[in-house]
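Chemist: Let the sequences and hints guide you as you build the complete structure.
Chains as they are written, first to last, in our numbering: chain P, 1 to 202; chain Z, 1 to 202.
Keep in mind the hints are simulated off the structure, nothing from the lab.
There could be a bad hint or two in this list.
It does not matter which identical chain is meant; a pair holds if it fits inside one copy or across any two.
With a straight-line cut-off of 20 Å between C-alpha atoms, the simulated SDA-like cross-links for lysine to any residue are [stated by the list, open to error]:
| # | residue 1 | residue 2 |
| --- | --- | --- |
| 1 | 88 | 122 |
| 2 | 147 | 24 |
| 3 | 187 | 23 |
| 4 | 185 | 172 |
| 5 | 185 | 24 |
| 6 | 119 | 146 |
| 7 | 187 | 170 |
| 8 | 185 | 168 |
| 9 | 73 | 50 |
| 10 | 187 | 167 |
| 11 | 187 | 172 |
| 12 | 73 | 83 |
| 13 | 110 | 155 |
| 14 | 88 | 74 |
| 15 | 185 | 167 |
| 16 | 187 | 122 |
| 17 | 110 | 31 |
| 18 | 110 | 196 |
| 19 | 185 | 31 |
| 20 | 185 | 175 |
| 21 | 73 | 49 |
| 22 | 187 | 21 |
| 23 | 187 | 31 |
Number of protein chains: 2
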Amino acid sequence: MPQGQPTVIPDDGLTTRQRRNRALVMVHTGVGKGKSTAAFGMALRAWNQGWPIGVFQFVKSAKWRVGEENALKALGETGKGGTVTWNKMGEGWSWIQREVAEGEQSHEDKAREGWEQVKRDLAAEKYRFYVLDEFAYLLHWGWIDTKEVVEVLRDRPGQQHVVITGRNAPQELLDFADLVTDMSKVKHPMDAGQKGQRGIEW
Amino acid sequence: MPQGQPTVIPDDGLTTRQRRNRALVMVHTGVGKGKSTAAFGMALRAWNQGWPIGVFQFVKSAKWRVGEENALKALGETGKGGTVTWNKMGEGWSWIQREVAEGEQSHEDKAREGWEQVKRDLAAEKYRFYVLDEFAYLLHWGWIDTKEVVEVLRDRPGQQHVVITGRNAPQELLDFADLVTDMSKVKHPMDAGQKGQRGIEW
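Modeler: This is the structure:
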């Protein structure tokens with residue numbers, strides 16, 4: 001819970017207002033739950049500001065995120081807040097499981113396709129709030145170069161907030177990010193033999 | 001990210017289906033961001049299931065959660081998913097700051113009033129998904145007895161999921177909860193002298 005007052009006044013030549021409105025890169029990493037859920041929760045605030053929202057879903061299966069997808073799309077359709085564009089990287093695109101018949105290279109290609117789309121949208125300032133869901137995996141696996149990602153994010157024009165989720169976010173990304181939260185698992189129902197259930201896990 | 005398979009098959013006399021659908025008590029604690037945001041993100045899934053959602057907001061100020069409140073209320077009004085009832089414990093009710101003119105006892109009374117309402121709603125099975133936002137503070141401060149809370153949650157009827165957020169959740173609550181995530185702060189913009197901004201912090 002932020003205390004409302006910064007602990008340091010930086011010597012960066014910016015006014016408080018400029019510094020306040022600086023677009024942020026945020027990373028939710030760690031092995032616990034809530035990384036993506038918190039990102040989608042943040043999207044509620046962006047929606048309330050009327051900001052165009054772009055979700056880029058790098059997910060395990062089509063079932064995942066169905067609740068968030070339906071809800072955020074429904075919100076976008078109300079016309080009372082921001083628009084919501086849901087970019088799903090291929091239906092059933094299950095490269096995280098690494099179980100599909102296609103070769104590894106194909107998964108990497110698709111991952112990079114998604115990243116290329118993100119780059120185009122950032123350059124065009126298409127959205128004001130981006131959720132790159134599970135994107136950290138791609139960096140961890142080396143499928144996308146973290147250095148390039150940091151450069152693209154650093155040089156992005158305008159006022160574009162970006163939230164990146166996923167385990168094992170590379171240190172180089174954490175060093176660059178404005179806000180990093182590590183979601184740690186303390187206890188999970190699956191540890192006690194309980195499987196995931198609708199309304200909770202999806 | 002759950003792996004889809006429990007690591008233990010418990011000897012609890014329940015079928016897999018019964019165990020799967022057991023209502024959960026979830027706690028988001030820790031000093032990092034995302035505790036409440038992830039709870040509101042989970043509410044998107046509950047909404048998509050058509051579940052009645054009850055939010056009990058124990059907040060610092062009226063500005064906090066305005067984005068989530070507007071968005072979740074707008075979702076409820078679409079009629080495409082669950083209903084959303086937003087229980088705000090007194091407009092401007094700022095007991096967390098402890099800065100109001102009223103005495104400490106008054107704050108405690110209001111906190112307990114909120115808890116009494118939660119108890120009534122649980123007994124009546126009014127909602128299927130509860131967000132008790134910042135509720136952990138009340139327990140940490142001893143304003144509400146953690147033992148009583150655990151008993152009420154343990155004995156709640158039907159299929160009612162409860163998410164409790166806030167720093168310093170007592171160990172007794174963590175021991176009882178089905179799912180606990182600790183949000184750890186790794187880096188926050190305020191550390192670098194940046195104040196909170198609209199669309200991000202509220």
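Chemist: Decide, hint by hint, whether the structure agrees.
Modeler: Taking the hints in turn, this is what the structure says about them:
Within a single copy, residue 88 and residue 122 get their C-alpha atoms as close as 17 Å, which meets the 20 Å cut-off; across copies the closest is 38 Å, which misses it. Proximity of residue 147 and residue 24 under a CA criterion of 20 Å is satisfied intra-copy only: 18 Å inside one chain copy versus 41 Å between copies. For the identical chains of this complex, residue 187 and residue 23 are inter-copy neighbours only, at 15 Å across copies versus 34 Å inside a copy, given an alpha-carbon limit of 20 Å. Taking the shortest Cα distances, residue 185 and residue 172 sit within 20 Å of each other only across copies (17 Å), while inside one copy they are farther apart (23 Å).
In this assembly of identical chains, residue 185 and residue 24 lie within 20 Å of each other by CA distance solely across copies; the values are 16 Å between and 26 Å within a copy. In this assembly of identical chains, residue 119 and residue 146 lie within 20 Å of each other by CA distance solely inside one copy; the values are 13 Å within and 49 Å between copies. In this homomeric assembly, residue 187 and residue 170 come within 20 Å of each other (Cα to Cα) only across copies, at 14 Å, whereas the closest approach inside a single copy is 25 Å. When the C-alpha separation of residue 185 and residue 168 is checked against a cutoff of 20 Å, the pair qualifies both within a copy, at 14 Å, and between copies, at 16 Å.
Taking the shortest Cα distances, residue 73 and residue 50 sit within 20 Å of each other both inside one copy (14 Å) and across copies (15 Å). In the homo-oligomer, the alpha carbons of residue 187 and residue 167 lie at most 20 Å apart both inside one protomer (17 Å) and across protomers (16 Å), since each shortest distance falls under that limit. Proximity of residue 187 and residue 172 under a CA criterion of 20 Å is satisfied inter-copy only: 13 Å between copies versus 29 Å inside one chain copy. Both within a single protomer and between protomers do residue 73 and residue 83 lie at most 20 Å apart by alpha-carbon distance, with minima of 8 Å and 17 Å respectively.
Neither within a single protomer nor between protomers do residue 110 and residue 155 lie at most 20 Å apart by alpha-carbon distance, with minima of 24 Å and 49 Å respectively. Taking the shortest alpha-carbon separations for residue 88 and residue 74, only the intra-copy value of 16 Å comes in at or below 20 Å, while the best inter-copy value is 24 Å. For a Cα distance limit of 20 Å, the shortest separation of residue 185 from residue 167 qualifies both inside one copy, at 12 Å, and across copies, at 15 Å. In this assembly of identical chains, the alpha carbons of residue 187 and residue 122 never lie at most 20 Å apart, being 37 Å within a copy and 24 Å across copies at closest.
Taking the shortest alpha-carbon separations for residue 110 and residue 31, neither the intra-copy value of 25 Å nor the inter-copy value of 37 Å comes in at or below 20 Å. Taking the closest pair of Cα atoms, residue 110 and residue 196 never come within 20 Å of each other, the shortest separation being 28 Å inside a single copy and 36 Å across copies. With identical chains, the CA atoms of residue 185 and residue 31 are at most 20 Å apart both within one copy (6 Å) and between copies (14 Å). For a Cα distance limit of 20 Å, the shortest separation of residue 185 from residue 175 across copies, 14 Å, qualifies, whereas the shortest one inside one copy, 23 Å, does not.
In this assembly of identical chains, the alpha carbons of residue 73 and residue 49 lie at most 20 Å apart whether taken from the same copy (16 Å) or from different copies (15 Å). For the identical chains of this complex, residue 187 and residue 21 are inter-copy neighbours only, at 18 Å across copies versus 37 Å inside a copy, given an alpha-carbon limit of 20 Å. Taking CA atoms no more than 20 Å apart as the test, residue 187 paired with residue 31 passes in both settings, with 11 Å inside one copy and 17 Å between copies.
This entry does not satisfy hints 13, 16, 17 and 18, going by the numbered hints stated previously.
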